[in-house]
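Start from the sequences and build out the full structure, keeping to the hints where you can.
Number of protein chains: 6
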Amino acid sequence: MRENTVRTIWNKGGAVINGWCGIPSSVAAENMAQAQWDSLTVDLQHGLVDYQAAVAMMQAISTTPTIPLARVPWLEPGIIMKLLDAGAYGIICPMINSRAECESFVGACRYAPAGYRSFGPVRAGWYGGPDYYAHANDTVLAIAMIETRQAVERLDEILTVPGLDGLYVGPNDLAITLGCAPSGTPTDKTVLDAIRRIAEAGKRHGIPAGIHCGSTQMAHEMIAIGYQFVTLLADNAFLAAAAKSAVSEMRTGKAAPKASGSY
Amino acid sequence: MRENTVRTIWNKGGAVINGWCGIPSSVAAENMAQAQWDSLTVDLQHGLVDYQAAVAMMQAISTTPTIPLARVPWLEPGIIMKLLDAGAYGIICPMINSRAECESFVGACRYAPAGYRSFGPVRAGWYGGPDYYAHANDTVLAIAMIETRQAVERLDEILTVPGLDGLYVGPNDLAITLGCAPSGTPTDKTVLDAIRRIAEAGKRHGIPAGIHCGSTQMAHEMIAIGYQFVTLLADNAFLAAAAKSAVSEMRTGKAAPKASGSY
Amino acid sequence: MRENTVRTIWNKGGAVINGWCGIPSSVAAENMAQAQWDSLTVDLQHGLVDYQAAVAMMQAISTTPTIPLARVPWLEPGIIMKLLDAGAYGIICPMINSRAECESFVGACRYAPAGYRSFGPVRAGWYGGPDYYAHANDTVLAIAMIETRQAVERLDEILTVPGLDGLYVGPNDLAITLGCAPSGTPTDKTVLDAIRRIAEAGKRHGIPAGIHCGSTQMAHEMIAIGYQFVTLLADNAFLAAAAKSAVSEMRTGKAAPKASGSY
Amino acid sequence: MRENTVRTIWNKGGAVINGWCGIPSSVAAENMAQAQWDSLTVDLQHGLVDYQAAVAMMQAISTTPTIPLARVPWLEPGIIMKLLDAGAYGIICPMINSRAECESFVGACRYAPAGYRSFGPVRAGWYGGPDYYAHANDTVLAIAMIETRQAVERLDEILTVPGLDGLYVGPNDLAITLGCAPSGTPTDKTVLDAIRRIAEAGKRHGIPAGIHCGSTQMAHEMIAIGYQFVTLLADNAFLAAAAKSAVSEMRTGKAAPKASGSY
Amino acid sequence: MRENTVRTIWNKGGAVINGWCGIPSSVAAENMAQAQWDSLTVDLQHGLVDYQAAVAMMQAISTTPTIPLARVPWLEPGIIMKLLDAGAYGIICPMINSRAECESFVGACRYAPAGYRSFGPVRAGWYGGPDYYAHANDTVLAIAMIETRQAVERLDEILTVPGLDGLYVGPNDLAITLGCAPSGTPTDKTVLDAIRRIAEAGKRHGIPAGIHCGSTQMAHEMIAIGYQFVTLLADNAFLAAAAKSAVSEMRTGKAAPKASGSY
Amino acid sequence: MRENTVRTIWNKGGAVINGWCGIPSSVAAENMAQAQWDSLTVDLQHGLVDYQAAVAMMQAISTTPTIPLARVPWLEPGIIMKLLDAGAYGIICPMINSRAECESFVGACRYAPAGYRSFGPVRAGWYGGPDYYAHANDTVLAIAMIETRQAVERLDEILTVPGLDGLYVGPNDLAITLGCAPSGTPTDKTVLDAIRRIAEAGKRHGIPAGIHCGSTQMAHEMIAIGYQFVTLLADNAFLAAAAKSAVSEMRTGKAAPKASGSY
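Protein chains in written order, with the numbering used here: chain A, 32 to 294; chain B, 32 to 294; chain C, 32 to 294; chain D, 32 to 294; chain E, 32 to 294; chain F, 32 to 294.
Hints in this document: simulated from the structure, not taken from any laboratory. One thing to keep in mind: the hints can contain errors.
The list cannot tell twin chains apart, which means a pair is met if one copy fits it or any two copies do.
Stated by the list, open to error - Straight line, CA to CA, 30 Å or less: simulated BS3-like cross-link-like pairs of lysine-lysine: (1) Lys285 with Lys234; (2) Lys43 with Lys234; (3) Lys220 with Lys234; (4) Lys285 with Lys275.
Printed below as a string of structure tokens:
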């Protein structure tokens, strides 16, 4: 089976540089994939992407060595299994707030007896190889989003769910549920403390932690405090920033000031 | 009929800031349209876009005041008229190399007796208004690409075709046909001379000239020598540059050097 | 943030004229949007529409001042949040039959602490404006369908759920669960009584009530008994009626008799 | 091979009731097809439809006995042959203004030696039957649009092209090229005279003539003067009229007056 | 209402020959439908198909007498009802492991009082006929997948759910949950015993049983032991086998050996 | 630039095993690409495929080492250049019947001064590499279809067009224009003679010849007489044959006899 190089990087203690695809287009996805990210996540939650677009996007990503991951809209077994069958090498699931939710999520990613994933890996077999079934449970990643006050309070019960492979922090939702304003590059102490606490819990339980970052500066800082999977914004944010900067440079004669280190 | 503000800017002697859409997605197009370009061109030639995608992209652009234009793949009446019916407020046509080609092109954009455009402006009427037919010939733009050695040699015969509204320079094809290497920010004297000559011919005949630019710096220079319509790269180039820069900043600790002023 | 004019009309005590889109096409949606409805609902339940089509349809509607709403297939948080992120200014959710279901529904439409909506309003921000987050909870509408005998019996417990913005009656399902035949223009006393009772409960709790109508005559009657949001059939019903009438006029020499005031 | 019932009706001297599909959706097409038209034309010229949408629309039409036809964007052999391969049982080609154009058009619809159509009727074979090749030349219809002053002047040279099966009048373009305002229900004597002349020429040469009609009244009148193929508006016009009428009835309390007998 | 010939075959004691569509294309679906299957199942679980593709696929199937069925991704009411509205004449639901799940599934397929299906059969009415509502509960099929150890242990409680129309065995998942390797043509005694036991339970309760088969040989054997609905592989498996065999014959000079009687 | 292994095989005197994609689906294309063809041709002529589908199909093919080619609908520069920009490593152009047509075709595939291809290889650069422009003229293949009596008579004038890389025979059209019935596995002496004559002309001028084959047996025979590029049927033919055979085996108890060695 094709190696999941996200695991390989983690096994060496490294940090994965992850890109994010929210534009529902296989052309935009291949465009992104040319930049040699370690992994690219097709976002079916806040991205404007549904399953059929995601299939074509993962095909486009598969023209390169970048590993395709997917974020699902919600903890729903149907879409989790469909994306795995379509060749996602990992699923990021939003709003895992309890041990039961985490078990339900991990189970959807694993064939029995480890879980209850149904068998039928059509494109997964094309991408992963004919021995997909034999190695899938050990290859595809189940990554739970820790992004609420409740989840932070229950870190130890969530992180001990067998088979959980990674954590992922959504700073905006974390901020909101902690009573702060959402921000892609958080500065509230409450939020930063929670972010640190999550990384520590990950270390404690041997579960690599990831986080969405609003700038490369933040991403470097997150790696410094123990994160091993950093996402840099998203395709639509790149496009918006570049377009606005170009227009601003033409209208005002100088580039738009970059917002707090973001792209 | 809705005003074509590209004409308005030209009538005031100003320069139009034009964006370029080659990703076949209405989401990417609306993303671009948020940046307040004067106009956005949906590129059906080198962009990865066909007619059906272009319709949805022009709908997305029409959620903003930005004027939707389209570049056709080739001088073929079918697609020119289809894009006008779909609401394009101007057509950029590649490789106009003779007076006959220019007449054929302009005729496809005009109702009789000025041309031979067929009547049926379904979405054009939604976008332009119920009086579309009465004003279309004076509103939609016919913009011929001058991008070969042959076209430069025939500027005066091409520019005197009645009804031609604008010129547009593709620096890459111009360079190639002049025996130089293609470049989005040309530096060959031969190419720069031709670019200057085209602007001068435009001025002489009262036809505003436009050009594709590889950087804002080049765009400012082009405006300085008389161009009144400057395109800044393209959505896919923005996305590629931002993604590569992000990965580079993460891997090397510093941003990728920007190539000669381009985005 | 862009004003939700459905709320504005309600605040003035008026009735919203709502259209209904079940054809999965951004062209059909823009066609409908040209008719100056107060709002248009993209129907992902009984319409033949899924998420990706709905995004393009809402883009098309956003070329006009008509407010885009969406009906979801079922009470499932994933699709509710995806449609809000895509710019729906309100969600109509079918089959809300208990207080718990209503709480779950309203919560999916609200950021914490009012609910559990996840943050990432990409297109919602383009449509609503950069201050979307600050005002979203007070702007987007959570409209629960009251369309079963059970729901009618529990009106008071359902209508007191904090944050519920509106009710919506599906006369067909209401009729079926009350033991009557489904009808778009109900005449059974049982059904009409329930329809009246729902409007009264809405008034009692200050929650505007809406209803699907099979004719303009019915819509006027519903407004007369207190409904403040009336839907006139659907795009596919308009198309079917017009086509059948045209064929009938050609074959029989006279127009098809209109079925009980419907279009 | 499946019978082309358009020919059957013509052979009996009858008139074909034709519908028109410009909304790029297989759902809208099936919706239309439920009305039992004799034939439905997928419009790739002024409809917002391209090839891939047209394939799905013709599949949808093929769920009923209605015969699928297609109008191409322009006299271009590629798209004519692609639509025939996709199962169109006739092609309507715009702007046939000379004998040479008519020969080129008819040739694209016929296998050698009658023409130069390339062999590969994949879906055509599914729709027409395994003996498609043997009967295609005698079954599929080549219908030339006569819609300019020039074409009217050359009727006899155009109508004697061997293999031409039908004529089709676009009243709007005819009016424009005759110096009148475009109208779906023409009243200018110049236009009406030309319309009459075309029908007479058709009769003279044994070629059935068809025409686009803005109302059933006009369609009945056209049949009365010899037309044997009448189109009633289009799906998007039906939808627009019904939606506007519904909104008007709600806002003003009475239906919108119908424009000169149109739907 | 159009007859559901799957029921007709069952009523005569016969076995249904079912095909399987996992390629998200209406062209592939019509291609399959030309082979005169009794029924074709659009697979939204392991097929690479979502709702919008499924609609077009069912339209394509509806050009023939073959009955369209659909397998849903999971027991989720939204997608079950959407597919029924789109004209599926039966739903196959994966992983029904308890009486409660079976009741929830059957209820989603039935209008009240038999179930809780919501009313709005737009395309279902086009396909089934104007009297769809009156006969739908007795026509559309609710087929539960029995494919886990747990389900086999609970056969009698599951099969006595009122309104259940059929069973369907997924041999791969059945094998996995029984501790065996997945196989499309199972040979493990444990799996074969369970397969036999399921057919016997079906007979006992008067519920026809179906099964996915990896070869025609297996299908004949399954019919021999009482199965009345056999699926032969899937479109993508047919395509893969034919393509591999062709390449092998060209490279090695002889056909690839067929794996255990499969295609 | 990525190597065009079709050229490599030809340079070694070998024969290319080519597959054919006419189903408009990136999933079907990736399914085909798993079979390790030397090349796969996306067919935009008789396949039910247009440009936008072709882009996704070529992306899918690019997940494997198989070389993506495309057949265009007709000799039209717009679509030829669009497909090259989208990453096709060769274009097969139908109905090249004269030297002028061949020059026009080859020119559309080459940058100046060798031709008149316009510059903008967006996806071509992703697939081919950043040095695409420098090597494109020597890498991408211009393959002219020789498939009419006229073309056979003009072989020497056509084959001496500078830059022509290959020939391709369509046996069906060749047969028709020679007065024979179309056949995928021709047996008419007239057709076989022409097929032999084309291969000989190719040898004489150093231009590899290819041909569409209805069976592996025919393909082996064609290689034996000098063809260096053989296509085995098409995806839709594979699917049809497998489906029909499966149904036949179930209904009659034995496999369908294979038609004259075809799949």
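Hints and how they fare:
1. Lys285 with Lys234: between (45 Å within a copy, 28 Å between copies)
2. Lys43 with Lys234: within (14 Å within a copy, 57 Å between copies)
3. Lys220 with Lys234: within (21 Å within a copy, 46 Å between copies)
4. Lys285 with Lys275: Both. Shortest intra-copy (12 Å) and inter-copy (22 Å) distances satisfy the 30 Å Cα cut-off.
Consistency note: the structure conflicts with none of the earlier hints.
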